[in-house]
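S.K.: The residues making up each chain are set out below.
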Amino acid sequence: MSAPAAGNAGGAVGVAITGGRVIDPANGIDGPHDLFLHAGRVAALDRPPPGFRAEREIDARGKVVCPGIVDLCARMREPGHEHKATIASETAAAVRAGITTLCCPPDTDPVIDTPAVVELIRRRSGQCGAARVFAVGALTQGLGGSQLSEMAALKSAGCVAVSNALAPLSGMLILRRALEYAATFDLTVFLHPEDPALQDGGCVHEGVVATRLGLPGIPEAAETAAVAASLALIEQTGARAHFCRLSTARAVRMVARARHDGIPVTADVCAHQLFLTETDVGGFDGLYHVRPPLRTTGDRDGLRAGLAKGTLDAVCSDHQPHEADAKLAPFPATAPGISALETLLPLTLRLVGEGVLDLPAALARLTCGPARILGLPFGTLSLGASADVCVFDPERHWRLEEGEMLSRGHNTPFLGWEFTGRVSHTLVGGRLVYEAPA
Amino acid sequence: MNRADLQVDGDGRLRHFLTVEGLHRDLLVEILDTAESFLGVVEQSVKKVPLLRGKTIVNLFFEASTRTRTTFELAAKRLSADVLNIHVDASATIKGETLLDTLRNLEAMHCDMFVVRHADSGTAHFFAQHAAPHVSVINAGDGRHAHPTQALLDMLTIRRHKGDFGRLRVVIVGDILHSRVARSQIHALNILGAGEVRVVAPRTLLPVQAHTLGVHVFHDLEAGIRDADVIIMLRLQRERMRGALLPSAHEYFRLYGLTAQRLGLAHPDAIVMHPGPINRGVEMDSQVADGAHSVILEQVHYGIAVRMAVMSLAMRRRLPGAEVREQEAG
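So the protein lines, in turn, are chains A and B.
Using this note's numbering, the letters of the first sequence correspond one by one to residues 20 to 457.
Using this note's numbering, the letters of the second sequence correspond one by one to residues 26 to 355.
Just so you know, these hints were derived from the structure itself, not from any lab.
Do not rely on the hints blindly, as some may be mistaken.
[Stated by the list, open to error] Derived, one-sided and incomplete: chain A residues facing chain B with beta-carbon distance under 7 Å:
| hint | residue |
| --- | --- |
| 1 | Val227 |
| 2 | Leu234 |
| 3 | Val284 |
| 4 | Ala343 |
| 5 | Leu347 |
| 6 | Phe350 |
| 7 | Pro351 |
| 8 | Ala352 |
[As the list claims (entries may be wrong)] Distance condition first, Cα-Cα at most 16 Å in a straight line; then the derived EDC-like pairs of lysine to aspartate or glutamate:
| hint | chain 1 | residue 1 | chain 2 | residue 2 |
| --- | --- | --- | --- | --- |
| 9 | B | Lys187 | B | Glu132 |
| 10 | A | Lys174 | A | Asp205 |
| 11 | A | Lys328 | A | Asp377 |
| 12 | A | Lys346 | B | Glu323 |
| 13 | A | Lys346 | B | Asp126 |
| 14 | B | Lys187 | B | Asp310 |
[Said to hold, decoys possible] Derived list of chain B stretches under chain A, where covered just means 3 residues or more per stretch with a C-beta under 8 Å from a C-beta of chain A:
| hint | region |
| --- | --- |
| 15 | 141-152 |
| 16 | 235-244 |
| 17 | 317-331 |
Idealized CB from N, CA, C, for every residue including glycine.
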C-alpha cells in the first residue's frame with residue numbers, strides 16, 4: 020500500500036491529548052483516556068510510552084477524541100474543474116470538519132484512468148499537506164462504459180478502488196467482465212446503482228412531489244433493478260463490490276438479505292439522504308437537486324434503520340462543490356450535488372441526538388466502517404496506527420453560515436441549520452493540521 | 026420560499042402568476058370576473074382599453090408556440106401595452122447566455138412584465154425569484170408543471186356554460202403525465218369547488234399516485250365519462266406514440282378517442298373542450314370536434330380576455346393612482 024503522505028514535517032513530535040472521552044469504535048474503546056502520539060503514530064493509551072516527551076499537549080477535557088474521519092466520496096474538482104474547487108480548498112475544508120482521509124471519484128477531467136492522473140492528485144494533495152487523498156480509478160476507459168480501464172496499472176499507482184462513478188455502463192456484460200478483471204487484482208468495485216434506462220432523464224424521485232410539480236421522475240426501481248442485477252453478478256464472480264449512495268429502503272433490504280446469504284457486499288449512504296426527502300424539492304430549489312434523488316420519508320427511515328443495524332457500513336459526504344451559477348437555473352437544468360464536507364460530522368452527530376444510533380456506532384460509520392471498505396489501515400486509534408485524530412466538542416452549538424464555509428462550493432441546503440458538536444483539533448499523521456480558534 | 030407566497034403580495038394581491046396551486050378561491054374568482062368584464066372590450070369595434078398604456082410586456086418564449094403567444098400578444102395590445110416578442114431558441118444557449126443573463130438584459134431595458142414559456146418545469150418560478158421588484162412574471166407554460174392562464178380560460182368557459190362548479194363532474198382525458206394544462210386545471214377545479222374531478226388515461230400516461238392531485242382515476246373511457254358535465258380532451262403529442270408509452274395512435278383512438286357514440290354516455294348537456302391544437306382522429310373524431318357539444322373555439326376567444334385580466338391584475342399595484350385609490354378605499 021503506497022499511502023500518500025500528507026506532509027510529514029513534525030511527524031516525530033510527541034503529542035499528548037489528555038482528559039478527553041476517547042472513542043475508538045474499531046477497538047471497542049469508549050471512556051476517559053489520555054492518548055499519546057509519537058512519530059506520526061498512535062503510541063500509547065493512558066500512560067506515556069517510555070521516553071515520551073510531549074512537544075504539544077491538547078487539553079481535551081469535555082471533548083471527544085476519535086479517529087480522523089474517512090470519507091468515501093468527495094469531489095475536489097481537480098484536475099479539470101478548478102472553477103468549482105481545488106484540492107487545496109477542499110482539503111482545508113475537510114480537516115476543519117475532522118476528515119483526514121478522502122476518496123476522490125474518477126470523474127475528473129481528465130478522468131482518473133491513467134497512473135499519471137493518480138500521480139497528479141497524489142502530488143497536489145501532498146503539497147497541500149492537509150488531508151490524505153486517495154483516488155478511485157475509472158472502471159472503464161474515459162468512463163465510456165465499454166472498454167475496461169488498465170486496472171492493474173491504476174492499482175499500482177495507488178487507486179484504492181475502481182468505479183464508473185455516475186456514468187452508465189453499456190450493459191451487463193461489461194459489468195461482469197469489469198468485476199472479474201477487478202477481482203483478479205483484488206480491487207474493490209464501487210457501484211452506483213442506477214439503471215440508466217429507468218433513470219430516463221429524471222431529476223427527482225418519482226413520487227407525489229414529481230407528480231405535483233411535473234418534474235421528470237426517477238423511479239425507485241432504477242436503483243433496485245441495478246442492485247438486483249449487480250448482486251447476481253457479484254455472487255457469480257465472487258468479486259468484492261461496494262454499493263455507493265443507496266437512496267431507497269428497498270435496496271437496503273436487498274443488501275441485508277444478500278449479506279445474510281453470504282455475499283460479501285458493503286454499502287454506504289450520504290449524510291443528506293438521512294435528513295432530506297422529496298418534499299424538500301417542493302419549492303423548485305436547485306440546492307435540493309441531488310443524484311440519486313431525495314426520496315420518501317419511508318426511504319429516509321429505511322436508510323436510518325439500515326445504518327443503525329450496520330447494513331450500511333459508512334456515511335459519506337458525497338461532497339460536490341459547485342460555482343454559484345451551477346445552481347442558478349430552473350430546477351432540472353441545475354447541476355446536482357451538495358457541498359457537504361462541512362456537514363458530514365454535524366449531521367451524523369444529529370442522528371445521535373435524534374436517537375437513531377449511539378455515538379460510538381455513529382463514529383464507527385465515519386471511521387473504521389469506511390476504512391474497512393477501502394482496506395486502508397486508517398479510521399482507528401490502534402497502537403501503531405497512523406495518528407489521524409479528530410477532537411470535537413460534543414456540546415458546542417453553532418450555525419452553518421455561508422460566509423464561514425471553507426469549501427469553495429457554497430451549494431448546501433443546510434445553511435442556517437443549527438448543529439451541536441464542533442471539531443476543535445484535527446491531526447493527520449500526528450501533525451496538527453487544524454486547530455479551532457480559542 | 027413558499028411558492029404561493031411568491032405569487033401574491035402581503036395584501037393577497039397578484040404579483041406574479043406562476044401556478045394555480047395554492048391560490049385563494051377569491052383570487053381565481055376575481056380573475057374570472059375581470060375577464061368577463063373584458064369580453065365586452067374584445068367585441069367592440071375599437072378593441073382597446075388604456076389600462077397598461079406605457080407599459081412594456083415581453084413575451085419570452087423558449088419553446089415554440091403560436092396560439093398561446095398570439096393570444097398573450099393580443100391581450101397585451103388590447104390593454105394598450107407595448108409588446109416585445111422574443112423567441113429564444115437554442116442559439117442563445119449556444120452563445121453561453123444563461124437565463125439569468127437574458128432576464129437581466131431585458132430588465133435593463135425597463136420592461137415591466139415577462140410572459141415566459143420554457144420546457145423546464147419551474148422556469149417561471151426561477152424568473153419570479155430573480156426578477157427585480159417592479160417586474161411581474163406570468164407563466165405561459167413551464168415543462169409539465171403549470172399553464173395557469175390556459176386553466177383559467179377553461180374555467181371561464183365552464184362557468185359561462187354551467188354556472189356553479191359545485192355540482193359539476195369534470196373529466197380530463199389523455200396524457201395527464203406530460204400535461205401542464207391538466208395539472209393547472211385540476212388545481213383550479215378543486216379550488217373552485219368542482220363536485221368531482223376525474224382523469225382517464227392508460228397507466229403509461231398517468232403520473233404515479235395521480236390521485237394525490239385530487240382526482241378520481243379511471244382507465245376506461247366509457248366508465249370515466251359516464252354522466253360527465255364537462256369533458257376535457259388533452260392533446261397527445263406525436264412523439265408519445267413512438268416510444269414505450271403507447272403502441273399506436275390507432276389503439277389510442279380505439280380506447281380513448283371521443284366519438285359521438287361515447288359522448289352519449291355523458292350528461293346530455295355536456296360540453297367538450299380541448300386546449301388545441303386537435304389531432305382529429307386521435308383524441309376525438311371531427312363529428313365531436315365540430316359538433317354541438319364542442320366549445321373549443323370559445324376557449325380561444327376567452328383566452329384573450331383571461332390573459333388581459335391576469336396582466337392587468339398583476340400590474341394593478343403599479344398603475345398610476347393605485348396608491349391613491351387604495352387610500353380612499355382604506
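S.K.: Tell me, in ascending order, the numbers of any earlier hints that this structure violates.
M.R.: 3, 4, 9, 12, 14, 17
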